[in-house]
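Chain A is already provided as a structure; the job is to place chain B on it using the hints.
Number of protein chains: 2
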Amino acid sequence: MVKDFPLFPLEKIAREAGAERVSRSALVALKEVLLEESETIARESVKLAEHAKRVTVKREDIVLASKR
Amino acid sequence: MVKDFPLFPLEKIAREAGAERVSRSALVALKEVLLEESETIARESVKLAEHAKRVTVKREDIVLASKR
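So the protein lines, in turn, are chains A and B.
The opening residue of the first sequence carries number 1 in the working numbering; numbering runs sequentially from there.
The opening residue of the second sequence carries number 69 in the working numbering; numbering runs sequentially from there.
Isolated chain A (complex conformation) (with noise of 0.2 Å):
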């Protein structure tokens, strides 16, 4: 499946938070709630780009998104 994230980064980031140890399930609801957050990151960005009469999404859409 493409549109998943790999956990290992998401273990290492739990572990540079200070996490001792991470469940496997707690690494696979992190990945859900950022995939979550960047399809409506995603869903915004398009409204924001086509608002601004582009067929391109760009970094200022997502930056916009991501704020709102």
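These are computed hints drawn from the structure, not numbers from a lab.
From a predicted model like this one, the values you see are computed outputs, not experimental measurements.
Treat the hints with care, as some may be off.
[Unchecked claim] To give a feel for the contact side, a few chain B residues facing chain A, derived at Cβ under 7 Å:
1) Asp72
2) Ala82
3) Ala87
4) Arg89
5) Ser93
6) Leu102
7) Glu107
8) Leu116
9) His119
10) Thr124
11) Val125
12) Ser134
13) Arg136
By construction, the Cβ of each residue, glycine as well, lies at the ideal position given by its N, Cα and C atoms.
Below, chain B alone, put in the same frame as chain A:
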């Protein structure tokens, strides 16, 4: 760098959200937003696991942390 996400899944998500084209810098911006978000949730989850007197971060910590 392990604390990173691949851009390809993000491009796929953007296309499914309706984006005709997506600039590379937009994908990098989206990745940065998600990294930031994952770090915030991870830090909060570690606090919640400690609060529950556990050394293992569990799914319930991620779920609660992502709602705060």
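Hint-by-hint comparison with the structure:
{"no.": "1", "hint": "Asp72", "verdict": "holds, 6 Å"}
{"no.": "2", "hint": "Ala82", "verdict": "holds, 5 Å"}
{"no.": "3", "hint": "Ala87", "verdict": "holds, 5 Å"}
{"no.": "4", "hint": "Arg89", "verdict": "holds, 4 Å"}
{"no.": "5", "hint": "Ser93", "verdict": "holds, 4 Å"}
{"no.": "6", "hint": "Leu102", "verdict": "holds, 5 Å"}
{"no.": "7", "hint": "Glu107", "verdict": "holds, 6 Å"}
{"no.": "8", "hint": "Leu116", "verdict": "violated, 11 Å"}
{"no.": "9", "hint": "His119", "verdict": "violated, 13 Å"}
{"no.": "10", "hint": "Thr124", "verdict": "holds, 4 Å"}
{"no.": "11", "hint": "Val125", "verdict": "holds, 5 Å"}
{"no.": "12", "hint": "Ser134", "verdict": "holds, 4 Å"}
{"no.": "13", "hint": "Arg136", "verdict": "violated, 12 Å"}
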